[in-house]
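Trainee: Listed below, chain by chain, are the residues.
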Amino acid sequence: MFGALPMRHVTLYLLREELPLASVVLARLGVIAPEEGQMHNGETVRPGADFQRSHHLASQLFRKIAASLDYTPDAVSQEQLPQQADQHRLDTILECLQPVWHQCNQLEEQVRTLREEIRHLTHQQQAVARFFNLQLDLEKLSLDHGFLDMRVGSVDTSELQRLIDSLALINFKVIEFDRQEGRAHLVLLGLNGLDAQLNPLLMAAGFKILLIPQGMKGYPDEMHAELEERLAGLRHELADVEGERAKLLEKYRAELREAALVLAAGSPFAELADYLVGHGEIVTLQGWVPEVELAALAADLRKELTAFFWEVRKPLPEEVDRVPSIQRYPAFLRPFSILVRNFGTPRYDEFDPTLLFALTFILMFGSMFGDIGHGAVMLVAGWLFRRKLADFSWFIMLAGLSSIVFGFYYGSIFGHEELIEPLWMSPMEDPVRLLLLAVYWGIGFIAIANLLSILNLWRLGLRREAILGQRGLAGLFFYVGLILLVLDLQRFGSAGMLSLAIVVSGCGVLVAGIWRETDAHGGERLLIVVIEIVETLLGYLSNTLSFLRVAAFSLNHAALAFAVITIAGMMDGVGHWLALIIGNLVIIVLEGGIVLIQVLRLEYYEGFVRFFRGDGRVYKPLRLQQTGTQHPAGQESI
Amino acid sequence: MGDLSRLAFLNARVSLYAARLQPVESLLPYIDSPHELPADYLESIGLPGLTDRQPDSAGELEQHFMSCLAVEAEGVMHAMPPETRGLIKQWMRRFEFMNLKSLIRCKLTSCDLELSREYLLDIGHFARLPLDEYLHSEDIVEFLRMLSAQDATLARKIRLHIEDPEQLFLLEAAMDYHFYEGLLASCEPLSPEERDGTRRFIGRIIDTVNLAWLLRYRIAYGIHPPHTFFMLARTGLLLGPGRLAQLARLDDLDAMRAALPAEHCDCLEGVNSVADAENRMLHNNLAHARKVLRHEQFHLVRALAYLYLRERQLLDVHQLLKGKLLGFDPALIREALLGVAA
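Protein chains in written order, with the working numbering: chain L, 1 to 638; chain Z, 1001 to 1342.
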């Protein structure tokens, strides 16, 4: 509960010819998190590199074909997957997929061209409807004008001004008569005989000529119909191409299914290729396996492979950084573990703060948001929306439960404090007492965080820092001494010998530690030490006072509820109930949200930063995927 | 005072980086030397990575410089206020456009996958387009369909120009124009003062590009005036649309020079080829960038000036090393280096 599952470093010696099979076996069990290995002589021959390249190519082709033909591979169980996918099978798949994609590519391009043409003609059709804005007889556009060159067409609006400016160089006039979906419809007028200059320019500008049908005599409806006919033809063509695609899918469905299976079976080997080393017949694979899974791994390998050899050992002290960290939690702790991972993944040898986080979170939330009614609403909402919220329904329900418990202590139901007798007192009754309690809570919280920091530093081998550091024993001594000193001053008006002795000794050790660590000379070194000590002092002071917010929010909660009741009390009938309902909803949603953020802030910035490094390696075991379209993405087991 | 505090980090970082900039003349003593560049020189110009191991191939060398520039551009970008970082991202997009041009060439000539991959530069975090996916496209039409998903306008422009293989230079010009349009658009979120200075700096570069294309179109390729004018960017500093239209009508180098604004006219005095003119313009721009770097304190344009100069410096070092790697004649290497600085 407070640490990671014990892991073992495994070095597997496998036969090269059995690599595809071994990969599938390993992925099926899904327990080994591979890590990059090196051969004894420092060489890095990667026996799976060719397979990986082919697999990558084949997967890409498959994805493109599947997207083009709208093909979704059927879900298959592990048992349906082929036993293995070797280079030969992969090459066969690649050879089979290449011509399929070639056909798909052609169809895709046909579809694109047809769609573009349809879009273009649709624009033209819409433009024709406004054509007579020009007050021109259409017949004149299709006639040979002798000295006059007149062209009708459209250009992308982003090119319009450049085209107008460029045409001005050969004295062509441009009349824009319509604009639709980023295209400007134009009439170009200029002197005849400038084709050599005009045509390359129009081509560069992407000018599309509007074709005026032969014999058109100023009847836009006929032209509209003509365009409609052409559009219908294009749409028909498009439907034919879509039909071709459907036929293609039917023709190659069996091959695609086969490809999906082979790619799925081959993906573990492709993924492992980055980690396999060795030349000759023996290939090694290194990785991390939870100790509890070793027996199952050995049994599976023995059952499936002709031969293999392995070396298993505990993690060495120098490789602790690389050991993946895997924790298992009961369901109610999972949402809290997600929030912890939001900050960082616990290292393999690090204290896992999830349980402590959950307990302190629940306590602080309840104390800041204590109300039987509001807590009950959260509890019920968490239960009702448990499917949508998944693991987080536990989070809401536990927060609600904590609110209910504290609600009994505060004697508050939806802000009404006259309905039941508080087990302790209403927050508004004695705010100073509440503020003091919050500070004591903060002191305890920071002290525990410091203790955990000492533990983690010690485990990391940073023993000097664990003793002399600001987050080590010296820092804790200094903090405890300061607290005792303040208590002495508060109670007796003067500093006690014990508290003074603790502060001075803690401070002395801290000074010695900082002095030793500082890479400076003389006055500069002294200045750094003084600044660091002042910073430590101020840091502890501000961190402790930060916990005042726990009391402040419980007071705020009571005051807000009181305000809602007062406003509702000023109304009658429906208004009264509406004010009560809306007011309480605002309290639950808005204030609840703010309290949640504040508690998280306290946990992260007053707690975690003191002791939790969170730079652990996530456990991502090799897993089998269901279809052959993606590389398997391992997941951390929680 | 606002800019002082807002740009203090950027200013300091650019000043630190700028200490690496050395004139091209500092490379000359090493042209004839049989040895590689000495470690202390490489360190002084911020290329310590080359002291450990010299790249084995020209491609590896090029990638090394690209990575170096990308890392520095990232360093500069992170020192900039967040709302202005788009400028550097767009500035570095030029290398992505270079990759796209290589990819188009490969697709048009049906290069195999591995060879195509060799032509591409890894531009690190500045990459926006999934080039690896494009690499695996079957042909140019599939590649353009894929590109449409990210940049439909660019894909459309490319489609217009790939139909005529003899005029692929027009495609390159269209892509350049598209890039500079994007660069100017990325100045929009800047404050008026920053925008003005930055646009002037970019406008000067656009002038150079425009003039180079103009000379090529009219003198080398004999393209007609309207088409030439259409292919030019309209957002230059001294060469506005009116001036470009006037220049596009001319087809003689001397006449064009006479029609240029005074600064460009002086700069091109005595040139007799398009290549000479391009070199002079580039040299002029480098001098201007040095001036900006020296005098424009606490201004975003310093960042661009630094990257512009740094890129040139890396290109010079690259030319020298590549020349040596490929066993070129020292005279040829010298010509390549001083061709720009002359």
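Simulated from the structure, these hints should not be mistaken for laboratory data.
Each residue gets a CB set at the ideal place from its N, CA and C atoms; glycine is no exception.
There's no promise every hint is true.
Some chain L residues close to chain Z (C-beta under 8 angstroms, calculated; not the full set) [what the hints assert, rightly or not]:
(1) 112
(2) 170
(3) 193
(4) 197
Trainee: Of the numbered hints stated previously, which ones are contradicted by the structure, given in increasing order?
Mentor: 3
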